[in-house]
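Asker: So the chains spell out like this:
2 protein chains.
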Amino acid sequence: MARPLRIGLIGFGNIGSGVIQALRDNRDLLDARCPRPLELFRVADIDLERPRPVEVDRSLLTTDAEAVLRDPEIDVVVELVGGLEPARSFVEQALRAGKHVVTANKMVLAHHGAELLALAQEKRVRLLFEAAVGGGIPVIRVLTECLAANRITRIAGILNGTCNYILTQMTAAGMSFDKALADAQMHGYAEPDPTADIESIDAANKIAILASLAFGLDIRHDDVHREGIAELTLEDLKAAEADGYVVKQLAVAEIEEEEQVAVGVRPTLLWKDHPLATVGDVLNGIIIEGQPIGAIFLVGPGAGPQATASAVLSDVIALSAFENGQSLAPPFLTMPVARKPQKRAECACDGYWLRILSDGNDQTLGDVARILATHHVSVERISKEPWELQITPDAWQWKPVSAYNPCAIRVHTGEISERHIREAIREIDNARWRVPESVTLALPRHESTRVPNWLSET
Amino acid sequence: MARPLRIGLIGFGNIGSGVIQALRDNRDLLDARCPRPLELFRVADIDLERPRPVEVDRSLLTTDAEAVLRDPEIDVVVELVGGLEPARSFVEQALRAGKHVVTANKMVLAHHGAELLALAQEKRVRLLFEAAVGGGIPVIRVLTECLAANRITRIAGILNGTCNYILTQMTAAGMSFDKALADAQMHGYAEPDPTADIESIDAANKIAILASLAFGLDIRHDDVHREGIAELTLEDLKAAEADGYVVKQLAVAEIEEEEQVAVGVRPTLLWKDHPLATVGDVLNGIIIEGQPIGAIFLVGPGAGPQATASAVLSDVIALSAFENGQSLAPPFLTMPVARKPQKRAECACDGYWLRILSDGNDQTLGDVARILATHHVSVERISKEPWELQITPDAWQWKPVSAYNPCAIRVHTGEISERHIREAIREIDNARWRVPESVTLALPRHESTRVPNWLSET
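Protein sequences appear in the order of chains R and H. Per the working numbering, the first sequence starts with residue 70, numbered consecutively. Per the working numbering, the second sequence starts with residue 70, numbered consecutively.
Chain R on its own, in the form it takes in the complex:
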């Protein structure tokens, strides 16, 4: 019998409990499948007293992460602490000690992944992170191994289950943003402080990791254009729906000629029959485009202890195929240090969809059209309709300020640069007929032409 692969787990929370549970539930399978048997050898957490869904032999438990990081018997450190520090230091220490590391920590990877992967390579060990992006969807291995023959040109995905849940609840159940957020918190899908999710920080970490791997360029969290979803109202979503769209928090990474790269996360309008428009609730969905494959589309649970355990353990199993001291080839795709894109491009789209609330006087629509034209924004369609306060008061505080009936103006623009849109909106926001304190919404549209044309590839 081969020497067991000894696992030191740091961070015994929900995810850690899920990993231990799966190790136990599927013990028979894992013994049959793994070239070296998996052995849970130490478990470290700062709090050993709080109740957990699984029990662990007390002799394995410690409050001292160093006891795991320094133990020469341990082959693999599974880091499930989360957050930037001390998680980053734990990963670095483990690698320096010549241990493989498996982590679910997107924040550490999106900020320090390139250096840590280089360190792993130097130490001839592996730093694996399947669980960092897409939860149970094996997008990291699909991208870096299954699609390694492809020149990846574009990745588009719904990478944050919390935001997807909130937007789905707003659209499907007619909840206001605040109600949907509270609902997500009640179900445990959102943290008490939801900032990282709704400000698109979490999704930005994830798309930075994917873009860096896919394009072989040094792309970090701060390189990602980021817009949150907190300003979206139920009315906005309903108006978009009436035009045939679904609003999603969409993460996109694209590369064009000469390493011109665009990476961003923002609320985006998708045609309702776009594959990603069908990804609801807390699911994640990812489209990867490249040559020769054309495109593939992956959907699955984006978070949760079970799905994450599947991803974490797939990494541990991969490591069980290596004997101690065996030399490891470098990974096929990695995050390079300091190989920045030639040029940072604006995130592309098929045009914008604007929604402007005005006092409804007869000149308003003409004024909007004139302002857009002045700023070189081509207009495909513009319409005006009466606007009534049908929504719960927590969504809107506005009181009418004129004798005219207020109205909502919707504009479909042609393809246009974001700068021109922003300048036009600045002028619109200063117009005397705009409803005070209303938000003028400008969301990018990804339309049917942006659906991966996989048919042409087959």
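Worth flagging that the hints you see were computed from the coordinates, not collected in a lab. Among the clues, some could well be false.
Some, not all, of what chain R presents toward chain H, calculated at C-beta under 7 Å [claimed, not checked]:
{"no.": "1", "residue": "Asn95"}
{"no.": "2", "residue": "Leu98"}
{"no.": "3", "residue": "Arg102"}
{"no.": "4", "residue": "Gly205"}
{"no.": "5", "residue": "Cys215"}
{"no.": "6", "residue": "Ala217"}
{"no.": "7", "residue": "Ala218"}
{"no.": "8", "residue": "Asn219"}
{"no.": "9", "residue": "Arg220"}
{"no.": "10", "residue": "Ala308"}
{"no.": "11", "residue": "Ile362"}
{"no.": "12", "residue": "Gly363"}
{"no.": "13", "residue": "Pro370"}
{"no.": "14", "residue": "Ile386"}
{"no.": "15", "residue": "Ala390"}
{"no.": "16", "residue": "Ala398"}
Every residue, glycine too, gets a C-beta built ideally from N, C-alpha and C.
With chain R's structure known, arrange chain H on it following the hints.
Answerer: Just chain H, lined up with the frame of chain R:
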């Protein structure tokens, strides 16, 4: 610089050309990503004269497959001949000679995969076959590596692009089966002899491979319950659509307690919002369910030279990570020889949907209900509607035989065994009021409750 990985390719057809094209187009990427550079060393085909989309240096070409199989310089044999023989012999010879083999040949694997994988293991080489199932979708690696920590309980998929194209054309463009088949042949999606596709032989090969790997049991082509799509009429599909369903050629593999396994391919009704119902044209789509992951859903191009090249080369790239003579761990999941399922179960479904054409006399509906009750088939819903010959004559040859207006009777049954349904249909087919020569259709339904309940897993 590491010694190159030398590739001997056997079968220089469309797929072979796609592989060579991709090797060339992505040369820069592959050089950067592969630990050992990939070298196309020999190319064998029985016909070297016919025109091909890529040119190959004549010094590499040979008509003698043995020249590839015996060449000690060659590390990897890529078998793209297709069909059972001589492809199987080529694979066996290459493995016996200690060479890795990469193949796209589902037929060889569904009939002889277990023996060939055992031989590869004995010879300490790899037999890889990502391209054999799902075309560009990396379902083999997802199943055997990414999901290796999971107890797989069910796989459901659209695995044959040709049938999916035919059914999509019938539903979307209102074509008869024969017209849709001719259209598929014109586009190159169907062979001149379409038997393997429309009789579900191809999909049966693919689901046998997936089931064998997923359940660790010896499941071959002949173990798969198989029904073709050629009897489906446009009218049937339209009637199903009116009831909210889409008809797909669905491959399903399920395992229950005590290794009771059901594996089948048959036309199946899916709710139109089922994930697999959205997979149109020549795309493939696969849902994999297991614990702890819950479920994931993969969609992509199911065939074609480009997509297949992506899959074939991912296997070749994986082999480039191994140095010559380095000992290889066994694959995590493999096809076992002679470990048959304990019991072969009937393919499960949520009940059947029947469509019966009758002469429309007043007793007919009551007669159908009585016959079903006699055979212990519970009925959830039964309806009768006038039936008119609206369809092109190539679809129906029938002339009314009675003075009554003909009608179509549709039945939704409850969950019921296939045996009882078949017995009931035998009696219905003998009823004097049945339209002569009409086909009494009984299709299984997979309804909303069968959609993977990934939400409960996250």
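Asker: Give a verdict on every hint.
Answerer: Here's how the hints hold up against the structure:
no.	hint	in the structure
1	Asn95	holds (6 Å)
2	Leu98	holds (6 Å)
3	Arg102	holds (4 Å)
4	Gly205	holds (4 Å)
5	Cys215	holds (3 Å)
6	Ala217	holds (5 Å)
7	Ala218	holds (3 Å)
8	Asn219	holds (6 Å)
9	Arg220	holds (6 Å)
10	Ala308	violated (24 Å)
11	Ile362	holds (4 Å)
12	Gly363	holds (5 Å)
13	Pro370	holds (4 Å)
14	Ile386	holds (5 Å)
15	Ala390	holds (4 Å)
16	Ala398	holds (4 Å)
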